[in-house]
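**Q** Protein sequences, first through last, are from chains A and B.
Quick note: the first sequence uses our numbering, first residue 2, plus one each step.
Quick note: the second sequence uses our numbering, first residue 737, plus one each step.
Derived from the structure by calculation, the hints contain no laboratory data.
There could be a bad hint or two in this list.
[Said to hold, decoys possible] Label-pair restraints from in silico Cβ distances:
no., chain 1, residue 1, chain 2, residue 2, range
1, B, Glu761, A, Glu565, 33 to 43 Å
2, B, Arg808, A, Asp433, 28 to 38 Å
3, B, Glu754, A, Glu242, 51 to 61 Å
4, B, Glu754, A, Pro504, 30 to 40 Å
The structure displayed is predicted, hence computed values, not measured ones.
Idealized CB from N, CA, C, for every residue including glycine.
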Amino acid sequence: MIKDKLSRTPVSQQPLIVKKEEEGGIGSFVEVEINGRKIQVQMGTTILEACRQNNIHIPTLCYHEDLCLAGLCRICVVEIEGMRTLQAACTYPITNKLKIQTTSEKVRKARRHILDLLLSEHYGECYSCHRNGNCELQSLAKEYGVDGYKFGHITERRHTVDRSSYSVIRDMDKCVLCKRCVRTCIDLQEVGVLEATHRGYDTTISTFYDKPLADVICINCGQCINRCPTAALKANDPSDEIWVAIDNPKKHVVIQTAPSPRASIGEEFGLPPGHSMTKQLNTALRWIGFDKVFDTNFTADLTIMEEGTELLNRLKKKLVEGDNNIKLPQFTSCSPGWVKYIEHFYPDYLDYLSTCKSPQQMFGALIKTFYAQENNIAPEDIVTVALMPCSAKKFECNRPEMHSSGFKDVDYGLTTREMAQMIREAGINLPDLEGSGFDDPFGDASGAGLIFGATGGVMEAALRTVYEIVTGREVPFKNLEITPCRGFEGVRQASVKLEGTLPEWNFLEGVDLNFMIAHGTANAKKVMEALVRGELENIHFIEVMACPGGCIGGGGQPIPTSPEIRKKRAEAIYNEDRGLEVRKSHQNPHIKYIYEKFLIDGPCGHISHKLLHTHYVKRGKFIA
Amino acid sequence: MLVSEKHGLTAEIESLAEKYGRTREALLPILQEIQMRHGYISEFAQQEIANFLDIHPVEVYGVVTFYAFLSRKPEGRYIVKLCQTIACDLADKEAIARAIERELNIKFGETTQDTKFTLQYINCMGMCDQGPAMLVNDDVYTHLTPHKAVEIIKSYK
Ligand code: SF4
Ligand code: SF4
Ligand code: SF4
Ligand code: FES
Ligand code: FES
Numbered sequence: 002m003i004k005d006k007l008s009r010t011p012v013s014q015q016p017l018i019v020k021k022e023e024e025g026g027i028g029s030f031v032e033v034e035i036n037g038r039k040i041q042v043q044m045g046t047t048i049l050e051a052c053r054q055n056n057i058h059i060p061t062l063c064y065h066e067d068l069c070l071a072g073l074c075r076i077c078v079v080e081i082e083g084m085r086t087l088q089a090a091c092t093y094p095i096t097n098k099l100k101i102q103t104t105s106e107k108v109r110k111a112r113r114h115i116l117d118l119l120l121s122e123h124y125g126e127c128y129s130c131h132r133n134g135n136c137e138l139q140s141l142a143k144e145y146g147v148d149g150y151k152f153g154h155i156t157e158r159r160h161t162v163d164r165s166s167y168s169v170i171r172d173m174d175k176c177v178l179c180k181r182c183v184r185t186c187i188d189l190q191e192v193g194v195l196e197a198t199h200r201g202y203d204t205t206i207s208t209f210y211d212k213p214l215a216d217v218i219c220i221n222c223g224q225c226i227n228r229c230p231t232a233a234l235k236a237n238d239p240s241d242e243i244w245v246a247i248d249n250p251k252k253h254v255v256i257q258t259a260p261s262p263r264a265s266i267g268e269e270f271g272l273p274p275g276h277s278m279t280k281q282l283n284t285a286l287r288w289i290g291f292d293k294v295f296d297t298n299f300t301a302d303l304t305i306m307e308e309g310t311e312l313l314n315r316l317k318k319k320l321v322e323g324d325n326n327i328k329l330p331q332f333t334s335c336s337p338g339w340v341k342y343i344e345h346f347y348p349d350y351l352d353y354l355s356t357c358k359s360p361q362q363m364f365g366a367l368i369k370t371f372y373a374q375e376n377n378i379a380p381e382d383i384v385t386v387a388l389m390p391c392s393a394k395k396f397e398c399n400r401p402e403m404h405s406s407g408f409k410d411v412d413y414g415l416t417t418r419e420m421a422q423m424i425r426e427a428g429i430n431l432p433d434l435e436g437s438g439f440d441d442p443f444g445d446a447s448g449a450g451l452i453f454g455a456t457g458g459v460m461e462a463a464l465r466t467v468y469e470i471v472t473g474r475e476v477p478f479k480n481l482e483i484t485p486c487r488g489f490e491g492v493r494q495a496s497v498k499l500e501g502t503l504p505e506w507n508f509l510e511g512v513d514l515n516f517m518i519a520h521g522t523a524n525a526k527k528v529m530e531a532l533v534r535g536e537l538e539n540i541h542f543i544e545v546m547a548c549p550g551g552c553i554g555g556g557g558q559p560i561p562t563s564p565e566i567r568k569k570r571a572e573a574i575y576n577e578d579r580g581l582e583v584r585k586s587h588q589n590p591h592i593k594y595i596y597e598k599f600l601i602d603g604p605c606g607h608i609s610h611k612l613l614h615t616h617y618v619k620r621g622k623f624i625a
Numbered sequence: 737m738l739v740s741e742k743h744g745l746t747a748e749i750e751s752l753a754e755k756y757g758r759t760r761e762a763l764l765p766i767l768q769e770i771q772m773r774h775g776y777i778s779e780f781a782q783q784e785i786a787n788f789l790d791i792h793p794v795e796v797y798g799v800v801t802f803y804a805f806l807s808r809k810p811e812g813r814y815i816v817k818l819c820q821t822i823a824c825d826l827a828d829k830e831a832i833a834r835a836i837e838r839e840l841n842i843k844f845g846e847t848t849q850d851t852k853f854t855l856q857y858i859n860c861m862g863m864c865d866q867g868p869a870m871l872v873n874d875d876v877y878t879h880l881t882p883h884k885a886v887e888i889i890k891s892y893k
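Please take these sequences and the hints and turn them into a complete structure.
**A** Okay, here's the thing in structure tokens:
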């Protein structure tokens, strides 16, 4: 149904279309010799892939698993017998018998030479750099035993650091021009903020007309940060201010933690991807000095109540009352990168977005109202921090609308990486800690709130609740695992039939609830184009997350990222959900409590409209 | 830029997009035509071109800043292009540059108030053995001295 637009990928890099298994075609095998070892590889495999499959190390810099090939940096060169020049292993497809040398003198010298050239233009010292210890350029220098600057070393800045954005800081003096950010922003996200501009020595990665990042159409997703090999891109880090608040005895500093950071923060402490650190993280946060530790999953559950009700209201108005101003499908609105994307690129379609705030912002508003009242704390003395996998949340908490409590609802958005740094600074080795739970009055949340962290999770959580509201029965999937919602395909579509409805919802009897899921804004664009063409008439609900893989692949998550790593993190979340007692948002006792005590006119009532819902800005894509 | 001018430019770009096709490949020919007709490609024009070709403005900007024959600012009637590459540099293009700058009272990269002259540096144009060398529009001048360069400029005034 959704047609792919003409790809930006050059013809040379598009997949070859050859009949499978045919002699000499894709799928057949060919024998190559690498460093004297005979190896069978599939036709079309690049030399780099072949080497990796066989545990032969080749250094790379511009190559990234998530991105199209570039062949820019040449650090991956290898020697092929019979060829005069060295070849880039990352782009060279194997189509016939080759004899390859990956460590010959010629290769080593060439790589060292490339490295010396890169370093000659690289400004900065590793010990004052936030990527110290996790920088691909630094590792290469170590790998090749660089012990001096053969071609000199620049000691003066050539660029100014762009600190305009709430989310992403750009320091082009540390850029190695690998264009990973460019390929991320254009191909992976289809936002198109960054490109290599000017020429020769002056070549720089820049925005349109070198404007500050805050003034262009950046959606703050931070995907470029996650794929930058150096410190040229980083998130806007508020941890210094948070330390000040923690050290101030007059301030009551509370933190909410989103579902994804707990599934990934172990990586920052040397654990392999896929270890949930929920309980240990809680303990660490208390040791650091946060006065209360809350679970964002609580407001994820709340989001399900509000957004699910909103969907049912829309369906009712449209199907029963025949109100044609009601927009369907309803899109989720919990990903601030996606919200800014639609504000820029499809400003005429904002009515399709759910009016629900993201869980982060709902929580902020509740902490400075409900929580402040219940505990007799003046809201102006409360500092709310949100631990998020996301750089766009930093922008979101600074949106002028986000003051429903009368104060700035969320004071700081902190990424997983920044949190790990704070924990290290406090002298804590996270995996060593004993676990502890979340604080009341929000307590431990449901598994539905937890799976918000992975693409498809919001949809799955919503279905678990909506289906049960409408039919009074559990959603008919084994173990509550709505498998069509899971996985990593860019755009997914499925439906659930509503049968045996309760009297109030009879108008939905026999209706197929059709839903779609998209992750990464390039995929969101495909969905939006289909909507614009009028092809989504039958769809009711669409989940979009701006980041590939959803929040577990967020722009604030540990570096590096790859499809494999994101899969592991998602598994960690799903495993944790499986082990929880409460797995449906509406059965979370704390949710029931808050609707009884505080949000007394129910989901989508007046109070929740004031605190938990928002409106959007028609931004457009013209860059002023 | 006046609103009416903007509309004119949009219509013009649209017709060029029709002519060359609304694809990435049409970018260079469209830029060349706009450059030829207007003498430069404005910020607004770059965004409109991106719009019609469904590419990103920053990609257009990348191309415009890459090619020396595309400019982002209005230019003078006479474009003085002085070679800055190594042979001409060694032949003291610096002295020529200073003399011309003094004569026109502008710096390289700028255009005179009366929009008569624009000063630009270019890279090697193959006159290396006869440097310093420069172009005034399409006329080539070689073996320059500061005095000779100033006389040449005066002859265009
Ligand atoms: S970017 Fe990497 S190489 Fe450069 S200063 Fe930072 S850690 Fe060192
Ligand atoms: S944060 Fe996202 S939108 Fe902004 S430049 Fe990076 S990849 Fe592009
Ligand atoms: S900013 Fe980072 S990702 Fe982008 S080109 Fe520079 S080094 Fe590469
Ligand atoms: S990694 Fe192969 S050219 Fe950069
Ligand atoms: S160096 Fe000036 S023309 Fe070649």
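**Q** Looking back at the hints listed earlier, which ones does the structure fail to meet?
**A** Checked against the structure, the hints that fail are numbers 2 and 4, while the rest are satisfied.
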